[in-house]
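**Student:** What follows is the residue order along each chain.
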Amino acid sequence: MADTVKLPEDSFKPITSDDRAALDSEKIAAPSLTFAQDAWRRLKKNKGAWVSLIVLVVIFIMAFGSIFVSPHDPNAVHPAYANLPSKIPGVSINGFNGTLVQAGERIDAYKAAGASGAHYIMGTDYLGRDLFSRVLYGTRISLIIALVATLFDLTIGVTYGMFSGWKGGRIDTIMQRIIEIILSIPNLVVIVLLILILKPGMTSIIIAIALTSWVNMARLVRAQTLELKEQEFILAARTLGERPIKIAFKHLLPNLSSVIIINTMFTIPNAIFFEATLSYIGIGISSPQASLGTLLNDGQKNFQFLPYQMWWPALILSIIMLAFNLLGDGLRDAFDPRTKE
Amino acid sequence: MAKYLAKRIFYLILTLFIVITVTFFLMKLLPGTPLTNQAKLSKSQIHLIYEQYGLNKPVWQQYLLYLAGAVKGDFGTSFQFSDQPVSYLISSRIEPSLQIGLQAMIIGVILGVIIGAFGAMKQNTWVDTTTTVVSILGISIPSFVLAVLLQYYLGLKAGWFPIAEWGGFIYTVLPTLALGAQPLAESARFVRTEMVDVLSSDYIELAKAKGLSKTGVIYHHALRNSLIPLITIVGPLAVNIMTGSMVVENIFSIPGIGEQFVKSVLTNDYPTIMGLTIVYSFMLCVVLLITDILYGIVDPRIRLTGKAN
Chain V
1 MADTVKLPED
11 SFKPITSDDR
21 AALDSEKIAA
31 PSLTFAQDAW
41 RRLKKNKGAW
51 VSLIVLVVIF
61 IMAFGSIFVS
71 PHDPNAVHPA
81 YANLPSKIPG
91 VSINGFNGTL
101 VQAGERIDAY
111 KAAGASGAHY
121 IMGTDYLGRD
131 LFSRVLYGTR
141 ISLIIALVAT
151 LFDLTIGVTY
161 GMFSGWKGGR
171 IDTIMQRIIE
181 IILSIPNLVV
191 IVLLILILKP
201 GMTSIIIAIA
211 LTSWVNMARL
221 VRAQTLELKE
231 QEFILAARTL
241 GERPIKIAFK
251 HLLPNLSSVI
261 IINTMFTIPN
271 AIFFEATLSY
281 IGIGISSPQA
291 SLGTLLNDGQ
301 KNFQFLPYQM
311 WWPALILSII
321 MLAFNLLGDG
331 LRDAFDPRTK
341 E
Chain H
1 MAKYLAKRIF
11 YLILTLFIVI
21 TVTFFLMKLL
31 PGTPLTNQAK
41 LSKSQIHLIY
51 EQYGLNKPVW
61 QQYLLYLAGA
71 VKGDFGTSFQ
81 FSDQPVSYLI
91 SSRIEPSLQI
101 GLQAMIIGVI
111 LGVIIGAFGA
121 MKQNTWVDTT
131 TTVVSILGIS
141 IPSFVLAVLL
151 QYYLGLKAGW
161 FPIAEWGGFI
171 YTVLPTLALG
181 AQPLAESARF
191 VRTEMVDVLS
201 SDYIELAKAK
211 GLSKTGVIYH
221 HALRNSLIPL
231 ITIVGPLAVN
241 IMTGSMVVEN
251 IFSIPGIGEQ
261 FVKSVLTNDY
271 PTIMGLTIVY
281 SFMLCVVLLI
291 TDILYGIVDP
301 RIRLTGKAN
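Protein sequence lines, in the order shown, are assigned to chains V and H. Using this note's numbering, you'd call the opening residue of the first sequence number 1 and step up by one each time. Using this note's numbering, you'd call the opening residue of the second sequence number 1 and step up by one each time.
Just so you know, these hints were derived from the structure itself, not from any lab. Some clues are possibly wrong.
Partial chain H-side listing against chain V, Cβ under 7 Å, derived [to be verified]:
(1) L48
(2) I49
(3) S140
(4) L284
Stretch-level coverage of chain H by chain V, calculated; a stretch enters the list once three of its residues show a Cβ under 8 Å from a Cβ in chain V [said to hold, decoys possible]:
(5) 148-157
(6) 261-274
Bear in mind the structure is a predicted one, so any value in this text is a computation, not a measurement. The C-beta atom is built at its ideal place from N, Cα and C for all residues, glycine as well.
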């Protein structure tokens, strides 16, 4: 019983170089991704973070777009239209249709005020100002404060951390002691003291928050710098006689970027929270300027009868905080795949 | 250990000294006078008042006097309530703040640990999702918003708890809940991440392979090991509670030091502001010291003699 194997004729032909390339088992089919591209891909996979990013972009566009297009002037006072509830045209759910329970009866507040034609999406406040425009305006102020404070925080914190970690030794010890002292006073107490000295207002809030919030960034950056400076590529750069300042910008900073970006995502909501707390207490932004904190403070006074005046700013504030937190988590996972389960 | 303790206590005192010095000179920079109706007072009256409070001495003398007083726990006399020493003002008001703060911390952390542990055990199920949602909401909703909502819905509408004021335990429930949400959320998130890590480690596999019961593995091996790092976030949580208490005490009109701090800030009561700043940093320093020592005891891998990093 002779076994005959039938092979096709062309198996015995020499393969061309094109075929060889196609057959190469070592070939990497997918294009190689840079670190940033890889992180971006992972971030997009994280639903919570992705949605948060979109929500934040929308909030940013609306808050800053309202400089140009705003449904009403946030500071225009209409005493006749004061305290109108929220009315969204075409929606007839109680709470969004401009009706209000007064003395046990549900009445159309808009008709009563003689404003049947008008509609305010989030209602109006005690001076008849459009709450939606006020919330947009307040969000803008809150975001500006948070962003500027974060910018300062980035520059001070990163520089301090890198310097401390890079120098090491005695300088590092002293710089760390200073940080420990700052950490041993609650941040809000320091901020309050600084604001008292600088007089309440937007600038002093920014300065106060910036001067206190860099500590965390400095600590993280220092820890990372300590780790990085022992690595070969830094040693190589030093051996080649690179100036420290250039090493810092060219070699350290790119490698620190993920730590910095992630921490920023947690600094921003903190700054927003501090600003809201200060304005809520009454030493923050003063009228006619408005921030989410002052809106909450105004709304809280009437909460029993006109709950929507506090619900709206509270909702927006919580959404912003939530989105930044989720995005921060997502970025941490994206930049550091080890933390992913 | 003794050497380490001595060193830490020395740093604590140094820190407090710096805090006192910095706040003192910051207060001297403050605009405004403690006098409510300066325009109505004659020069000699102002002079007399300044004399009474020692405000006409040179700044360095005031500083030394203040420092000498502060060592003995004397922070001067309040500007807001005449003849009331700041130390009395603080000591009579610290109890409600401590009670609410400690309750919020303990209840928050215990509940957080339970929720976080359940989340990690039932990873990627609805339990886990709930844990994540609870913790992320707790972190995102500011405590003062929560306080107002609790006050309105549980206090006024449902009538379960008193809306404000200070009396027995029942009065502490709502403020505790408002302040406890943050520690709960933070510790739930922390324990969950930590425990997910621990659950995938080799010694858990071994414990399971030995045939230990599920609760035994969770309680003796997984939970204990994930709780150790939790000590590190107690310090930051204490800061959160102190910060939150300033507003929450105001909302519930609790006669605590947080409420007093805000009041003093709004009335330019410098001696009280300074006294409270020192008390706040003292409390925080003590919390940080205790957590550091505890961490060393619980986890022998951390050497107390040298710094961990």
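**Student:** Are at least 3 residues of the segment 148-157 of chain H within less than 8 Å of chain V when you compare beta carbons?
**Tutor:** With 4 residues close enough to chain V, the hint holds.
**Student:** Would the hint on L284/H stand, with a C-beta cut-off of 7 Å toward chain V?
**Tutor:** Because about 5 Å separates L284/H from the closest Cβ in chain V, which is inside the 7 Å limit, the hint holds.
**Student:** Is the shortest C-beta separation between L48/H and chain V less than 7 Å?
**Tutor:** Violated: closest Cβ of chain V sits about 26 Å from L48/H, beyond 7 Å.
**Student:** Tell me if chain V covers the segment 261-274 of chain H under the three-residue, 8 Å CB rule, please?
**Tutor:** Result for this restraint: holds, n = 5.
**Student:** Is the interface hint satisfied for I49/H? The criterion is a beta-carbon contact with chain V at less than 7 Å.
**Tutor:** Not OK, violated: I49/H not within 7 Å of chain V, min 21 Å.
**Student:** The hint names S140/H as touching chain V; please verify it with the least Cβ-Cβ distance against 7 Å.
**Tutor:** Holds. Min distance 4 Å.
Checked against the numbered hints above, the structure violates hints 1 and 2; every other hint is satisfied.
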